[in-house]
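Taking the hints into account, I'd like the entire structure generated from these sequences.
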Amino acid sequence: MGSTAPDPAFNATDTAWLQLMIPMTEHMADALALAADHSDDPGLRGLAAAVLIEHRAELDRLRALRVAAGLPDTDVHAGHRMPGMVTAADLIVLRADHGAEFDRHLRPLLDEHLAQSGVLATGELANGQQQGVKSLARAIERNRSQERERLRALH
Amino acid sequence: MSGKRMLAAVGAAAVVAAVTTVAMAGHPAARADDLVTHHEFQVDCLINHHQPDDPIVFPGLPGASHDHTFVGNNTTNATSTLQSLLGAGAGATSCLNPDDLSAYWFPTAFNGDTPVLSTWRQTIYYKSGILDYTKVVPFPQGLKFVVGSPAATIDEFRTSPGAVEGFECGDSTHNWDIPAYCVDGSQLNVRFQAPSCWDGVHLDSADHKSHMAYPSLPNGGGVCPADHPVAVPMLEFKIAFPVSGDMSRVHLASGRGYSWHYDFFNAWDPPTLAALVTHCINGGLQCDSRGFDLYKPDRGAALGDNYRLPGRPDV
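Protein sequence lines correspond, in order, to chains B and Y. Using full-length UniProt numbering, the letters of the first sequence map in sequence onto residues 1 to 155. Using full-length UniProt numbering, the letters of the second sequence map in sequence onto residues 1 to 315.
Please keep in mind that the hints were generated in silico from the structure rather than gathered at the bench. One thing to keep in mind: the hints can contain errors.
Claimed, not checked - Once the Cα atoms are required to be at most 20 Å apart in a straight line, the calculated SDA-like pairs of lysine to any residue come out as:
#, chain 1, residue 1, chain 2, residue 2
1, Y, K238, Y, E165
2, Y, K209, B, V76
3, Y, K209, B, A78
4, Y, K209, Y, K296
5, Y, K209, B, K134
6, Y, K296, B, D73
7, Y, K209, B, R81
8, B, K134, B, A78
9, Y, K209, B, N11
10, B, K134, Y, Q187
11, Y, K135, Y, A213
12, Y, K135, Y, N219
13, Y, K209, B, P72
14, Y, K296, Y, G283
15, Y, K238, Y, K296
16, Y, K209, B, T74
17, Y, K209, B, G79
18, Y, K135, B, P72
19, Y, K296, B, P8
20, Y, K209, Y, G283
21, Y, K238, B, P72
22, B, K134, Y, A151
23, B, K134, Y, P62
24, Y, K238, Y, K135
Computed from a prediction, not measured in an experiment: that's the story for all the values here.
Here is the structure:
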């Protein structure tokens with residue numbers, strides 16, 4: 001792939017955050033995209049659609065920063081179990097679910113993902129260096145916190 | 001002198017002795033004390049904390065990781081650096097050696113939702129990964145790496161160059177996942193060997209593994225590859241989990257048993273590490289944490305009774 005050397009403006013925390021946030025956001029987006037056809041709950045479907053739009057916008061910015069940092073686009077966490085990460089096994093379950101069963105599986109995954117995104121943003125803001133990454137972390141922290149409030153407000 | 005001695009055939013056995021655990025008898029004609037059967041020392045460390053941090057893979061990101069169990073340096077967390085590990089000061093470790101401020105960690109084992117944490121010391125061996133044990137040199141200060149892979153399949157775990165006998169409990173060995181049942185009162189153990197050939201240049205790499213390589217043969221039989229020519233000690237974590245009986249709810253924070261992996265961040269006091277490597281690995285001994293081989297007491301100990309180089313005060 002590209003042979004750009006890593007940009008030293010990005011420190012080890014910036015790099016680790018980008019390489020974790022991208023697969024986390026991608027996998028959650030895959031799960032959220034199923035809600036339109038699998039959930040019968042209009043509130044959850046609406047929230048999932050809104051969060052999906054935010055996630056896709058964030059992914060554009062995350063990927064652009066990854067390129068700017070000179071990092072390869074490999075998923076260094078493929079196959080790992082990380083807090084807040086929707087796994088391949090989770091997606092298989094969600095694809096087979098419908099109605100209330102789907103909602104019951106999606107909600108805790110979404111809640112844990114939103115909570116963990118906040119934890120990671122806090123770390124990046126405290127220990128990261130590159131301003132573009134930190135600015136995105138600030139936005140993600142705000143977005144995910146609001147989304148988590150909305151999720152909690154759903155009955 | 002210890003009363004525990006096992007008689008062993010000499011001569012032909014000496015050829016295979018490098019990979020068997022044998023203590024020499026005091027048979028005059030055999031010159032048993034000249035036979036080298038081990039080239040190692042060990043560190044013995046209590047578990048000091050567990051938390052979802054990983055200063056190698058997720059530096060500066062507390063809570064980013066699956067749960068890890070930490071032994072060694074008492075201060076290890078997501079923001080640990082070589083400076084912070086050293087700055088903790090001699091004695092700030094759960095290991096017997098006050099001058100080993102290294103950080104060692106592995107995924108926490110859970111029985112259902114309960115962490116399984118031994119209250120006994122865990123043993124980490126420092127062995128020779130190559131046949132010519134006289135060529136092993138100490139880890140450079142600040143070297144860090146990941147061993148094994150949390151994403152491994154069961155076959156990848158089983159065939160890894162670091163695999164020893166997988167998970168074992170009681171009489172059951174060569175389990176490449178956590179067994180479904182272990183005899184009541186037994187412990188679940190896992191041994192795994194680290195790569196021991198360093199590229200000689202990088203203290204870390206993008207995947208935290210590529211600056212290290214396994215030698216050409218397992219269990220100390222081979223040589224380092226040309227692109228990783230520096231033989232450093234071969235770590236072998238031997239971790240014990242105090243859980244037995246129905247094991248069906250036992251898992252690692254990283255997933256199945258075959259997701260077993262561990263991390264090492266070297267912060268040894270360099271002269272202390274050098275003394276142990278020279279005396280025990282290069283010297284062909286089976287040493288305890290003090291650098292003393294109880295089967296060859298005449299060779300002396302690398303460290304004093306306080307587990308420190310001679311002249312250093314108790315900590």
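- Looking back at the numbered hints, which does the structure fail to meet, lowest number first? 4, 5, 6, 8, 10, 15, 18, 19, 20, 21, 22, 24
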